[in-house]
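Please construct the entire structure, taking both the sequences and the accompanying hints into account.
So you can see what is in the structure, the chains are spelled out below.
There are 2 protein chains.
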Amino acid sequence: MYRTHTCGELRMENIGQQIQLSGWVQKTRNFGELLFLDLRDRYGVTQLVFNMEANDFLAERAKRLGREFVIQCEGKVVERSNKNPKMPTGDIEIIVNDFRILSESKTPPFTIENDTDGGEDLRMQYRYLDLRREEVQEKIKMRAKVSIETRKYLDGLGFLDIETPCLIKSTPEGARDFIVPSRISPGQFYALPQSPQTFKQLLMVSGFDKYYQIVRCFRDEDLRADRQPEFTQIDCEMSFVEQEDILNTFEGLIKHVFKTVKNIDLPSFPRMTYDEAMQKYGSDKPDIRFGMEFVEMNDIAKGKGFSVFDNAELVVGINAENAAEYTRKQLDELTDFVKRPQIGATGLIYLRYNTDGSLKSSVDKFFNEDDLKQWASKSNMKPGDLLLVLCGKTDKVRKQMNELRLEMGNRLDLRKKGEFKCLWVLDFPLLEYDEASNRWFAMHHPFTSPKKEDIQLLYTDPGKIRADAYDLAINGVEVGGGSIRIHDKTLQAKMFERLGFTDEEAQKQFGFLMNAFEFGAPPHGGLAFGFDRLCAVLGGVDSIRDYIAFPKNNSGRDVMLDSPSTVSDEQLKELNIKVTL
Amino acid sequence: MYRTHTCGELRMENIGQQIQLSGWVQKTRNFGELLFLDLRDRYGVTQLVFNMEANDFLAERAKRLGREFVIQCEGKVVERSNKNPKMPTGDIEIIVNDFRILSESKTPPFTIENDTDGGEDLRMQYRYLDLRREEVQEKIKMRAKVSIETRKYLDGLGFLDIETPCLIKSTPEGARDFIVPSRISPGQFYALPQSPQTFKQLLMVSGFDKYYQIVRCFRDEDLRADRQPEFTQIDCEMSFVEQEDILNTFEGLIKHVFKTVKNIDLPSFPRMTYDEAMQKYGSDKPDIRFGMEFVEMNDIAKGKGFSVFDNAELVVGINAENAAEYTRKQLDELTDFVKRPQIGATGLIYLRYNTDGSLKSSVDKFFNEDDLKQWASKSNMKPGDLLLVLCGKTDKVRKQMNELRLEMGNRLDLRKKGEFKCLWVLDFPLLEYDEASNRWFAMHHPFTSPKKEDIQLLYTDPGKIRADAYDLAINGVEVGGGSIRIHDKTLQAKMFERLGFTDEEAQKQFGFLMNAFEFGAPPHGGLAFGFDRLCAVLGGVDSIRDYIAFPKNNSGRDVMLDSPSTVSDEQLKELNIKVTL
Numbered sequence: 005m006y007r008t009h010t011c012g013e014l015r016m017e018n019i020g021q022q023i024q025l026s027g028w029v030q031k032t033r034n035f036g037e038l039l040f041l042d043l044r045d046r047y048g049v050t051q052l053v054f055n056m057e058a059n060d061f062l063a064e065r066a067k068r069l070g071r072e073f074v075i076q077c078e079g080k081v082v083e084r085s086n087k088n089p090k091m092p093t094g095d096i097e098i099i100v101n102d103f104r105i106l107s108e109s110k111t112p113p114f115t116i117e118n119d120t121d122g123g124e125d126l127r128m129q130y131r132y133l134d135l136r137r138e139e140v141q142e143k144i145k146m147r148a149k150v151s152i153e154t155r156k157y158l159d160g161l162g163f164l165d166i167e168t169p170c171l172i173k174s175t176p177e178g179a180r181d182f183i184v185p186s187r188i189s190p191g192q193f194y195a196l197p198q199s200p201q202t203f204k205q206l207l208m209v210s211g212f213d214k215y216y217q218i219v220r221c222f223r224d225e226d227l228r229a230d231r232q233p234e235f236t237q238i239d240c241e242m243s244f245v246e247q248e249d250i251l252n253t254f255e256g257l258i259k260h261v262f263k264t265v266k267n268i269d270l271p272s273f274p275r276m277t278y279d280e281a282m283q284k285y286g287s288d289k290p291d292i293r294f295g296m297e298f299v300e301m302n303d304i305a306k307g308k309g310f311s312v313f314d315n316a317e318l319v320v321g322i323n324a325e326n327a328a329e330y331t332r333k334q335l336d337e338l339t340d341f342v343k344r345p346q347i348g349a350t351g352l353i354y355l356r357y358n359t360d361g362s363l364k365s366s367v368d369k370f371f372n373e374d375d376l377k378q379w380a381s382k383s384n385m386k387p388g389d390l391l392l393v394l395c396g397k398t399d400k401v402r403k404q405m406n407e408l409r410l411e412m413g414n415r416l417d418l419r420k421k422g423e424f425k426c427l428w429v430l431d432f433p434l435l436e437y438d439e440a441s442n443r444w445f446a447m448h449h450p451f452t453s454p455k456k457e458d459i460q461l462l463y464t465d466p467g468k469i470r471a472d473a474y475d476l477a478i479n480g481v482e483v484g485g486g487s488i489r490i491h492d493k494t495l496q497a498k499m500f501e502r503l504g505f506t507d508e509e510a511q512k513q514f515g516f517l518m519n520a521f522e523f524g525a526p527p528h529g530g531l532a533f534g535f536d537r538l539c540a541v542l543g544g545v546d547s548i549r550d551y552i553a554f555p556k557n558n559s560g561r562d563v564m565l566d567s568p569s570t571v572s573d574e575q576l577k578e579l580n581i582k583v584t585l
Numbered sequence: 005m006y007r008t009h010t011c012g013e014l015r016m017e018n019i020g021q022q023i024q025l026s027g028w029v030q031k032t033r034n035f036g037e038l039l040f041l042d043l044r045d046r047y048g049v050t051q052l053v054f055n056m057e058a059n060d061f062l063a064e065r066a067k068r069l070g071r072e073f074v075i076q077c078e079g080k081v082v083e084r085s086n087k088n089p090k091m092p093t094g095d096i097e098i099i100v101n102d103f104r105i106l107s108e109s110k111t112p113p114f115t116i117e118n119d120t121d122g123g124e125d126l127r128m129q130y131r132y133l134d135l136r137r138e139e140v141q142e143k144i145k146m147r148a149k150v151s152i153e154t155r156k157y158l159d160g161l162g163f164l165d166i167e168t169p170c171l172i173k174s175t176p177e178g179a180r181d182f183i184v185p186s187r188i189s190p191g192q193f194y195a196l197p198q199s200p201q202t203f204k205q206l207l208m209v210s211g212f213d214k215y216y217q218i219v220r221c222f223r224d225e226d227l228r229a230d231r232q233p234e235f236t237q238i239d240c241e242m243s244f245v246e247q248e249d250i251l252n253t254f255e256g257l258i259k260h261v262f263k264t265v266k267n268i269d270l271p272s273f274p275r276m277t278y279d280e281a282m283q284k285y286g287s288d289k290p291d292i293r294f295g296m297e298f299v300e301m302n303d304i305a306k307g308k309g310f311s312v313f314d315n316a317e318l319v320v321g322i323n324a325e326n327a328a329e330y331t332r333k334q335l336d337e338l339t340d341f342v343k344r345p346q347i348g349a350t351g352l353i354y355l356r357y358n359t360d361g362s363l364k365s366s367v368d369k370f371f372n373e374d375d376l377k378q379w380a381s382k383s384n385m386k387p388g389d390l391l392l393v394l395c396g397k398t399d400k401v402r403k404q405m406n407e408l409r410l411e412m413g414n415r416l417d418l419r420k421k422g423e424f425k426c427l428w429v430l431d432f433p434l435l436e437y438d439e440a441s442n443r444w445f446a447m448h449h450p451f452t453s454p455k456k457e458d459i460q461l462l463y464t465d466p467g468k469i470r471a472d473a474y475d476l477a478i479n480g481v482e483v484g485g486g487s488i489r490i491h492d493k494t495l496q497a498k499m500f501e502r503l504g505f506t507d508e509e510a511q512k513q514f515g516f517l518m519n520a521f522e523f524g525a526p527p528h529g530g531l532a533f534g535f536d537r538l539c540a541v542l543g544g545v546d547s548i549r550d551y552i553a554f555p556k557n558n559s560g561r562d563v564m565l566d567s568p569s570t571v572s573d574e575q576l577k578e579l580n581i582k583v584t585l
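These protein sequence lines map, in sequence, to chains A and B. The number in this note's numbering is simply the position in the first sequence, starting from 1, with 4 added. The number in this note's numbering is simply the position in the second sequence, starting from 1, with 4 added.
Don't take every hint at face value.
[Said to hold, decoys possible] Below, computed lysine-lysine pairings styled on BS3-like, alpha-carbon distance capped at 27 Å: (1) B:Lys577 <-> A:Lys512; (2) A:Lys425 <-> A:Lys266; (3) A:Lys493 <-> B:Lys110; (4) B:Lys149 <-> A:Lys156; (5) B:Lys110 <-> A:Lys456; (6) B:Lys577 <-> A:Lys577; (7) A:Lys110 <-> B:Lys512; (8) A:Lys386 <-> A:Lys420; (9) A:Lys377 <-> A:Lys284; (10) A:Lys259 <-> B:Lys149; (11) B:Lys493 <-> B:Lys468; (12) B:Lys493 <-> B:Lys455; (13) A:Lys493 <-> B:Lys67; (14) A:Lys149 <-> B:Lys259; (15) A:Lys149 <-> B:Lys149; (16) B:Lys266 <-> B:Lys145; (17) B:Lys110 <-> A:Lys498; (18) B:Lys266 <-> B:Lys512.
[To be verified] Cβ-Cβ distance ranges computed for the label pairs, FRET-style: (19) A:Lys156 <-> B:Thr115: 36 to 44 Å; (20) B:Thr115 <-> A:Asp269: 36 to 44 Å; (21) B:Lys80 <-> A:Thr175: 42 to 50 Å; (22) A:Tyr463 <-> B:Lys156: 50 to 58 Å; (23) A:Lys456 <-> B:Leu585: 45 to 53 Å; (24) B:Asn101 <-> A:Lys456: 47 to 55 Å; (25) A:Lys456 <-> B:Gly191: 49 to 57 Å.
Quick caveat, the hints were computed from the structure, so don't treat them as lab data. All residues carry an ideal CB built from backbone N, CA and C; glycine is no exception.
And the structure:
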């Protein structure tokens, strides 16, 4: 036996007990006569005491213990004279009778503390040591909690956890596949799944009715910051349901997770159409922790001789409350911000509503006080507020204003950690047009059902067709999305045609699904959450990487394993492939 | 809304209610005036009734419904005059007011019945239809139940579900890896994990203490019957534990699963050493649903002038109770059975203990009645029993006798479905010698800890070293196994040396794990269950394939997807590889 208790367990009621603990030496504090040692395990930290007077031999041995040594000790629980209310075990300490070293440690390359001295690269190389740090452990523990609570909730509703294969078939549509050479079928390849989309639809055709899986997915994309080549999805599908059933079911899931993991009772999630989200926030995943909704100003800003506005398709403002005191320098920063190439605005107009009631804008030349009063009134400005205005082509200026709004949200501290605002965004467009390839693409995927009332637009105005598709945004982050699927083979065939597939192409890529639809497909729909992303949002953190035990870096490398790596010529030969470098 | 109830839900207490159901047309029975239709969904079957007299238009429409059409219907629950006690809904039926077709179906290529007319190949090609059959659905449902109950049990004990990567590094040791070309690192490859072994050990080094994962594993092996290139493991690891802790924890898991999934209370699992299992059953995974233990007969069978016995290392028998009446033909069959090349015995000796008390053997020439009485007595034979005897080299003859024992178990119906006998097999050998490559191999894997008292044999008699390694066998099937791991870097280095690794090789393949052990590794150990296999055993079935929603065939092909398949030249070019056929 290595321990009677964990290092996070002992309390006042254990006083007087002989116990055994095992764990890592977090740190030692040597006061000559007394040596204090913090022993750490997953469950917490307990203070050990060695007394030179009582047992100098043992205390001398203890002094030689280095950081991160693993020891097993035996001792008596006593009340601390100097209690530490910050530690759950802070009321007690252990007078050690004896200990043994289970495993020595070299000095770690960085300190195993929340506030570590190790840089990102070093910590990734020694990820197994990074994972010892409490704040990283807590993230991995929270992920496990989200996982089991998700499962309990869905299992409780009758969802079946059904595993779908990882070695599947490559389909050119969508992102790039990772492929896996087959040895037994020379010259042929499996692909790793980008998602189990077609399998979950097949399971509905099979009649499983409610399916879920927490499943690994793979995309060989050019990695942007915070993208991983492998990632995890909470993948769900239901039969004989309408959109409303799905929204309610998964709103329930998210509420359950917030309640059980964070003890937060979320109110009903508001809903907004895609069009409204774009108009009010310039984003299909608005952060609604704060208002600052877009104010469209064409009617009051145009026709006053300011050609920049007059030539713009849309003049739009946001009212940054209590920001009228912004300095010249701060306003210049904002102008620089919107002019960055990633955002691409040509300039920024402002209107201050000073606390003395006066109005001051950067375009006073063109607008008189009455004009500016109209601006202020339409934007619901109060004295002390600052109106920021952009103009240009509608789609572009909305995106620019979205960035500016989020930036102002950050600067004014309106995007509070610990506050969570969920939002369903509904009625996404079914198709988007790609200028480059001169064709329509499915915005979601080619199985997404158009809204019944919009199907007639398929050949007249495809861009206007709305889909039964929905996303869940939390605090401005898209954590999940899904749709009602097409279950009618005729409509599905039309959709493939509209997307420019020939019959053969459609058959080659999605033949097994289209064939399945010939044998009685139920109405169905579903949704998938980005599990890594959901965990990061719950943790109030932007990066998903710390919620993954062994993540890859931005080049898709695992620096701890040093992978990918070369393989032997025999391996390649057996697989009938050759590197062409 | 598509339904108010499922097809498995309605009972006497629903009589009089107006309800809606949706599902698949299982079959129709047309009695002229009345049409009965069985409507099926995941939850059951409900009988619908159409009455020509009451609504001929509706009934005529219903007559045109084909098998596997998906319909939604509305009607009234009434009591059946002709109740069907075999169906949970057999007390009621639905007088249909109206229905609509949600989806038509072509005639399926085989009947959607437990007793289907579809052959294996056809069913695999249309797996989504095969999965509609009740017996297949039940297997997939049972698997989901085993999964969630496993998770609940382990989560309840504080195990953390931690995901490990799928894109890892290829290590030549062990079975063949599937590899994945990297586009971003040209000429380099990821490998898919054969198991998360090293990762779970790293997680212990990180201090996670209790880990589990239900995880996909990959092995590019030459596929024997009932092997899949991708399979699922329940993978577990614990720190600060001894073998006893692990056995108790996972005995608890298996008991929990049997109780919750099959409502079976399993008694404590017996334990047996590897040596004892080999001696008594010739197998490291004996089926102990029946006795028929080996009787070693050297002392009574040798030295009587029968050179076959005299020249054999081991003469061994099994007592097949109540089989003395076996005919000549049956005995010949058994002789043919043991002589098959896969088994390889040269002959089979028998002794009948006839019900009249007389003894009759196939070697009467060499053994007198007293000799044979000794045989009977040592084998605990009663009148009516049959002793079957093999002889040869110890290891070989034990394996042969194991096959014969299992065959006799089958023939005598001693391997009862529905009966479950679990057995821990302990103290596996650490190493096995490979004559071909003239070196020692780790029987389990190179991280397995030798028993403390056997370490001294490392350079004197390595074959005798026992490991802290254990397997769980249920009904003669190995469902899981594991070991205490080496956590001492010096011992680990010795082990690699003994296995013939140079320092560089060891460093190259397992460097990250050996490095991790430099920083304070806790004592740890674990175990992995073959999840597909465990489900098959729980289901009382030999084949794992039906417990996998989308399995591959014996050539590693998914015939539904037609995968693996060729990929485009552009894909290969982007990956810097070329097919060399």
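So, going through the hints one by one against the coordinates:
For the hint pairing lysine 577 of chain B with lysine 512 of chain A, the CA-to-CA distance comes to about 21 Å; that is within 27 Å, so the pair holds. A C-alpha spacing of about 14 Å is found between lysine 425 of chain A and lysine 266 of chain A, which places the hinted pair at or below 27 Å, so the restraint holds. A hinted pair counts as satisfied when its Cα atoms are at most 27 Å apart, and lysine 493 of chain A with lysine 110 of chain B qualifies at roughly 12 Å. Of the pairs offered as hints, the one joining lysine 149 of chain B and lysine 156 of chain A holds, with about 12 Å between alpha carbons and a cut-off of 27 Å not exceeded.
Our distance criterion of 27 Å between C-alpha atoms is met by lysine 110 of chain B and lysine 456 of chain A, whose separation comes to about 25 Å. Proximity of lysine 577 of chain B to lysine 577 of chain A is assessed by CA-CA distance (about 18 Å); at most 27 Å being required, the pair is judged to hold. A C-alpha spacing of about 21 Å is found between lysine 110 of chain A and lysine 512 of chain B, which places the hinted pair at or below 27 Å, so the restraint holds. Of the supplied pair hints, the one linking lysine 386 of chain A and lysine 420 of chain A holds, its CA atoms being roughly 23 Å apart against a limit of 27 Å.
Distance hint between lysine 377 of chain A and lysine 284 of chain A is fulfilled; the C-alpha atoms sit about 22 Å from each other, no more than 27 Å. Note on lysine 259 of chain A and lysine 149 of chain B: the hinted pairing holds, with a Cα-Cα distance of about 24 Å set against a maximum of 27 Å. Among the hinted pairs, lysine 493 of chain B with lysine 468 of chain B is consistent with the structure: their alpha-carbon atoms are about 22 Å apart, no more than 27 Å. For the proposed pair lysine 493 of chain B and lysine 455 of chain B, the alpha carbon gap of about 16 Å is at most 27 Å, so the pair holds.
Distance check on the hinted pair: lysine 493 of chain A and lysine 67 of chain B sit about 23 Å apart at the alpha-carbon level, within 27 Å; holds. Pair hint lysine 149 of chain A plus lysine 259 of chain B holds up; C-alpha atoms about 24 Å apart against a cutoff of 27 Å. Among the hinted pairs, lysine 149 of chain A with lysine 149 of chain B is consistent with the structure: their alpha-carbon atoms are about 19 Å apart, no more than 27 Å. Among the hinted pairs, lysine 266 of chain B with lysine 145 of chain B is consistent with the structure: their alpha-carbon atoms are about 13 Å apart, no more than 27 Å.
Annotation: proposed proximity of lysine 110 of chain B to lysine 498 of chain A holds, straight-line Cα distance about 20 Å (limit 27 Å). Of the supplied pair hints, the one linking lysine 266 of chain B and lysine 512 of chain B is violated, its CA atoms being roughly 47 Å apart against a limit of 27 Å. Between lysine 156 of chain A and threonine 115 of chain B the Cβ separation comes to about 38 Å, which falls inside the hinted range of 36 to 44 Å. At about 51 Å, the CB distance of threonine 115 of chain B to aspartate 269 of chain A disagrees with the hint of 36 to 44 Å.
Range check, lysine 80 of chain B to threonine 175 of chain A: Cβ separation about 47 Å, and the 42 to 50 Å hint holds. Taking the beta carbon of each, tyrosine 463 of chain A and lysine 156 of chain B are about 52 Å apart, inside 50 to 58 Å as hinted. Distance hint check for lysine 456 of chain A and leucine 585 of chain B: the Cβ-Cβ separation is about 50 Å, which falls inside the suggested range of 45 to 53 Å. Taking 47 to 55 Å as the suggested C-beta distance range, the pair asparagine 101 of chain B and lysine 456 of chain A does not conform, at roughly 24 Å.
Checked against the hint of 49 to 57 Å, the pair lysine 456 of chain A and glycine 191 of chain B passes, with Cβ atoms roughly 52 Å apart.
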